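Top to bottom, those sequences are chains A and B.
Counting in full-length UniProt numbering, the first sequence runs from 1 upward without gaps.
Counting in full-length UniProt numbering, the second sequence runs from 1 upward without gaps.
A portion of the hints provided could be inaccurate.
Simulated crosslink set (EDC-like; lysine to aspartate or glutamate; CA at most 20 Å straight-line) [unchecked claim]:
{"hint": "1", "chain 1": "A", "residue 1": "Lys-40", "chain 2": "A", "residue 2": "Glu-23"}
{"hint": "2", "chain 1": "A", "residue 1": "Lys-224", "chain 2": "B", "residue 2": "Glu-29"}
{"hint": "3", "chain 1": "A", "residue 1": "Lys-109", "chain 2": "A", "residue 2": "Glu-23"}
{"hint": "4", "chain 1": "A", "residue 1": "Lys-141", "chain 2": "B", "residue 2": "Glu-29"}
{"hint": "5", "chain 1": "A", "residue 1": "Lys-224", "chain 2": "A", "residue 2": "Asp-186"}
{"hint": "6", "chain 1": "A", "residue 1": "Lys-109", "chain 2": "A", "residue 2": "Asp-164"}
Derived by calculation from the structure, the hints in this document are not laboratory data.
Note that the structure is a prediction, hence the values are computed from the model and not measured.
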Amino acid sequence: MITLQVSRYRPGQDAEPVFQDYEVPLRSDWAVLDGLAHIKDHLDGTLSFRWSCRMGICGSCGMTVNGEPRLTCGTFLTDYGEGPIRVEPLRGFPVIRDLVVDIDDVLAKLAHVKPWLIREGEELPLTAEYTQTPAQLEAYKQYSMCINCMLCYSACPVYALEPDFLGPAAIALAQRYNLDSRDQGDRFDLLATDEGVWGCTFVGECTSACPKHVDPAEAIQRYKLTAALTSVRNLLPWGRS
Amino acid sequence: MTALPSYRPRVHPLWWARRRAYLVFVLRELTSVFVAWSAAYLVLLARAALAGDAEYAEFRAFAGSPWVVALNVVALAATAFHSVTFLNLAPRAMVVRLDGWRVPGFLIAGGNHSAWLAVSALVAYLVLRS
């Protein structure tokens, strides 16, 4: 058996989160999420947490495990010896109940960066293909692997301190389209702001926390360079388009 | 739509001490003060050198005082820490491709460190040759 110290917050009952201990079987093939499911099914049905695919694809089960933002479906009980293991909601977010956090703000930010292919001028017929070379695909593929698990936001101290900060995943998502050869959009006014890339102080923990190796820190720093060059170009009389 | 009632945790004043990466980040930011001091010291040195022998002698007396020496020893360590950690981050901001091959991060960081050492060696040679 291993002890899970689970953060509980029940609106109307708890003024602030409290920890509750649960003993769950220590099995080599059990992830922390399996331990939480065991609690929910056999020990305490009132425990609330998000989950879906259990295979690191949906990004639903992000929580803070022993102080680190992790996908609980890919974090195994045996990684923590004899325990105990402390499970808390993702840091930096308002807690709705127990391990469930309010993600509306991040969802709005993801939509804010226009995460779709923007075309200008004449549209090709719907039957036409926008072909890409393998190199063109490689240019943005890394940033398209994001599963919106929000571990990067939880790891980012800037987001915790400045909630208006656009944040790592949203900027990486914007770069996913900026670097796509089929996209003709201009996201400069969205990204080159104090709440955008210039709000990032480059702590780099977003990249360390990312379970999909998206490297949002790289995306942000690369756009800083793009934004700086664009700003300089806009200052030049012959540089304005 | 009605907002859900929720608990909004406060950020602890010592958030930066919670993780090593945060601590290194804060230290890197704090060392900027010493980088600024080093730049100001260099400007003062250049101004004194250009102003004539008397001004330069006065600056040397100032630079030789124990507290300035102590401050500059700390500033040297701080600026070295700042430079190393800053250059280690360079690969995150630079994606360099050579004929389609993406240059690995350690080569970019290594190139930056090598250039830094080369420039430092050149400056040391120019300053110390006399």
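Consistency of the hints with the structure:
1. Restraint check for Lys-40/A and Glu-23/A: the C-alpha separation of about 12 Å stays at or below 20 Å, so the hint holds.
2. Annotation: proposed proximity of Lys-224/A to Glu-29/B holds, straight-line Cα distance about 18 Å (limit 20 Å).
3. With a C-alpha separation of about 39 Å, the suggested pairing of Lys-109/A with Glu-23/A is violated against the 20 Å cut-off.
4. For the hint linking Lys-141/A to Glu-29/B, the alpha-carbon distance of about 32 Å lies beyond 20 Å, and the restraint is violated.
5. As the CA atoms of Lys-224/A and Asp-186/A are separated by approximately 15 Å, the hinted pair is consistent with the 20 Å bound.
6. Taken as a hint, the Lys-109/A and Asp-164/A pair is honoured in the structure, with Cα atoms around 9 Å apart against an allowance of 20 Å.
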